[in-house]
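Enquirer: Same order as they appear, the protein sequences are chains A and B.
Under UniProt numbering, the first residue of the first sequence is numbered 1, with each subsequent residue one higher.
Under UniProt numbering, the first residue of the second sequence is numbered 1, with each subsequent residue one higher.
Simulated from the structure, these hints should not be mistaken for lab results.
Idealized CB from N, CA, C, for every residue including glycine.
Warning: the hint list may mix true and false statements.
Pairwise CB distance ranges, derived in the manner of DEER restraints [what the hints assert, rightly or not]:
1. B/G147 with A/A66: 33 to 43 angstroms
2. B/E296 with A/A146: 48 to 58 angstroms
3. A/W281 with B/G191: 35 to 45 angstroms
4. B/P202 with A/V35: 55 to 65 angstroms
5. B/E214 with A/A19: 33 to 43 angstroms
6. A/W281 with B/V306: 48 to 58 angstroms
7. A/A81 with B/V170: 56 to 66 angstroms
8. A/A27 with B/G171: 27 to 37 angstroms
9. A/T201 with B/E57: 20 to 30 angstroms
10. A/S180 with B/A66: 40 to 50 angstroms
11. A/D117 with B/H283: 46 to 56 angstroms
12. B/A19 with A/G171: 50 to 60 angstroms
2 protein chains.
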Amino acid sequence: MSQLSHQIQLLRRPSGLPAPDDFTLQAVALPEPQVGEVLVANQWLSVDPYMRGRMSEAKSYVPPFALNAPLEGGAIGTVLASRHPGFKVGDRVSSMLGWRDSFVAKGEQLTRLPATDLPPQLFLGALGMPGMTAWAGLHQVAKLQAGETLLVSAASGAVGTMAVQLAKRVGAKVIGSTGSADKVAYLKTLGADAVINYRETPDLDAELARLAPEGIQVYFENVGGAMLEAALNHMALHGRIVLCGLIEQYNSNGEASGPRNLAQVIRKRILIQGLLVSDHWQHYGAFLAEAIPAFEAGALQSEETVSQGLASMPQAFIGLFQGRNTGKMLVKLD
Amino acid sequence: MSQLSHQIQLLRRPSGLPAPDDFTLQAVALPEPQVGEVLVANQWLSVDPYMRGRMSEAKSYVPPFALNAPLEGGAIGTVLASRHPGFKVGDRVSSMLGWRDSFVAKGEQLTRLPATDLPPQLFLGALGMPGMTAWAGLHQVAKLQAGETLLVSAASGAVGTMAVQLAKRVGAKVIGSTGSADKVAYLKTLGADAVINYRETPDLDAELARLAPEGIQVYFENVGGAMLEAALNHMALHGRIVLCGLIEQYNSNGEASGPRNLAQVIRKRILIQGLLVSDHWQHYGAFLAEAIPAFEAGALQSEETVSQGLASMPQAFIGLFQGRNTGKMLVKLD
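Taking the hints into account, I'd like the entire structure generated from these sequences.
Expert: What follows is the structure, encoded as structure tokens:
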């Protein structure tokens with residue numbers, strides 16, 4: 001008796017903002033697990049902006065998704081059957097085999113979650129790739145110091161909320177940027193010293209001059225566009241920009257414009273460093289050693305925006321680019 | 001009996017490309033040197049792109065030039081009279097008191113040239129600020145290694161010609177970019193492995209793909225614009241960009257466009273570092289220890305474009321932005 005796997009496939013490559021019709025929900029029969037394989041049922045699927053890049057044909061740092069094959073992404077699930085000595089029924093595992101409700105995979109494709117009573121979906125967000133991205137950007141790349149001023153764009157997103165909180169733990173002054181009054185209020189509860197609602201701030205330059213009169217030492221950049229230009233104007237001498245994301249460009253079909261004021265990089269001897277978390281996993285243990293106890297003690301918080309059911313995954317993904325999430329965007333399976 | 005100093009003053013702030021009428025030649029009486037002061041006659045004036053920034057009112061890394069006061073810049077001269085114990089008549093000195101044929105200054109504003117039979121004007125170019133800029137960019141910032149591929153824009157300029165030669169001494173593969181067939185030929189005599197004439201290369205992307213199929217590890221950027229976009233597309237993983245100049249923008253009145261493909265910085269985890277030589281003068285001795293013997297042995301070469309007479313200084317300066325120089329642009333005084 002074989003089990004059915006329901007999975008979201010990419011039907012065609014999106015042009016600009018993805019549309020629901022770019023995706024299709026298919027049911028396929030799963031094979032029986034062979035020796036060394038494990039059958040997993042997913043409970044949580046990760047919804048991440050970087051996935052947009054893999055939906056295009058262009059070569060990026062990971063190969064493009066194939067059409068008419070299940071999409072991939074972070075997922076948390078439970079072992080239903082195991083023919084691998086490292087996993088037993090009931091184990092909680094993370095994998096990159098998301099966008100589907102169940103799968104059969106080799107044990108080597110799975111990671112058992114650390115022992116903790118924290119909600120398992122944290123390992124897709126604040127304790128997973130986005131949290132590790134924030135930690136690596138602040139500590140490994142920018143080497144943020146107490147007393148410095150940090151600006152974070154998309155501060156209410158999965159990476160941003162962790163960047164804000166980790167920076168406050170270092171003793172930095174934190175300015176966030178986000179797109180709604182609710183998100184502004186939420187970021188203040190996380191400890192942000194100031195928050196810009198960019199949709200209601202016609203003069204970003206003047207606002208940064210007011211909020212960071214001594215200049216910005218570190219800019220954690222997730223967005224691009226007008227905020228990057230304004231930040232360049234207000235960076236401090238020898239400031240550092242962690243270039244983590246340019247979400248404003250991801251659906252732009254190549255019409256994105258770049259910052260016109262790169263001369264600031266020379267004037268202020270700014271460092272800009274592109275960040276991909278894949279360069280930094282060797283420090284994941286150090287990150288978890290700080291972050292798990294901090295979550296257990298309530299000293300770090302995580303917000304989730306949860307969408308219900310596999311069929312909602314495309315719409316949740318599209319919502320990322322419409323600012324529909326606060327904190328980590330997740331899909332919960334029934 | 002007081003001596004007259006002829007000096008170029010800024011009459012009004014240029015809009016876009018400077019015009020000869022933005023400048024005026026004035027004669028002023030020099031005071032007699034007081035105790036601690038020195039009278040110097042300049043022989044060589046330095047003509048540098050960075051001076052354009054100081055002609056605008058906008059705050060930059062150095063204050064704007066004052067109107068109706070002599071402009072400033074590198075100069076090499078000879079001591080005519082000295083009331084400072086550190087200088088005697090006939091000493092060759094460098095100063096930042098260019099754009100004039102003579103001046104009286106405190107001894108502390110002068111630097112005696114190192115003892116060498118090399119032409120003194122080298123200390124305005126290959127052995128001065130531009131040469132030090134190239135050396136600091138390659139060694140202190142990019143840490144260029146043997147076997148790596150370096151791309152240099154404005155490769156036939158004062159900084160570029162030194163970057164090309166210093167990189168060949170390291171054992172790098174060097175690709176230069178310049179704007180005429182003569183300059184292409186000259187750069188090949190300096191050892192460049194390949195040279196792009198950007199004016200005759202409609203598809204910079206394809207040309208870089210052909211010349212650097214394994215990618216560019218280090219880009220020494222003096223220009224900006226289309227070459228920066230093309231270079232970003234062909235940078236290698238973890239490539240480094242030394243942002244030294246953006247000469248294409250200096251006269252742009254703010255209409256400059258930035259690179260539309262900054263996403264490459266994330267994909268390839270590129271480092272971009274703004275460079276000003278002022279951060280690196282503590283290493284000037286190390287640079288001269290390498291470069292003076294290399295020039296004396298004929299292992300380094302310098303090209304000069306020389307304009308005659310103080311009155312030619314504004315036109316020489318404008319010529320920098322029209323590609324009129326190969327190597328260092330200088331004005332020789334009679």
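Enquirer: Give a verdict on every hint.
Expert: Do the hints match the structure? See the list:
no., hint, verdict
1, B/G147 with A/A66: 33 to 43 angstroms, "36 angstroms, holds"
2, B/E296 with A/A146: 48 to 58 angstroms, "50 angstroms, holds"
3, A/W281 with B/G191: 35 to 45 angstroms, "41 angstroms, holds"
4, B/P202 with A/V35: 55 to 65 angstroms, "58 angstroms, holds"
5, B/E214 with A/A19: 33 to 43 angstroms, "38 angstroms, holds"
6, A/W281 with B/V306: 48 to 58 angstroms, "57 angstroms, holds"
7, A/A81 with B/V170: 56 to 66 angstroms, "58 angstroms, holds"
8, A/A27 with B/G171: 27 to 37 angstroms, "59 angstroms, violated"
9, A/T201 with B/E57: 20 to 30 angstroms, "26 angstroms, holds"
10, A/S180 with B/A66: 40 to 50 angstroms, "48 angstroms, holds"
11, A/D117 with B/H283: 46 to 56 angstroms, "55 angstroms, holds"
12, B/A19 with A/G171: 50 to 60 angstroms, "52 angstroms, holds"
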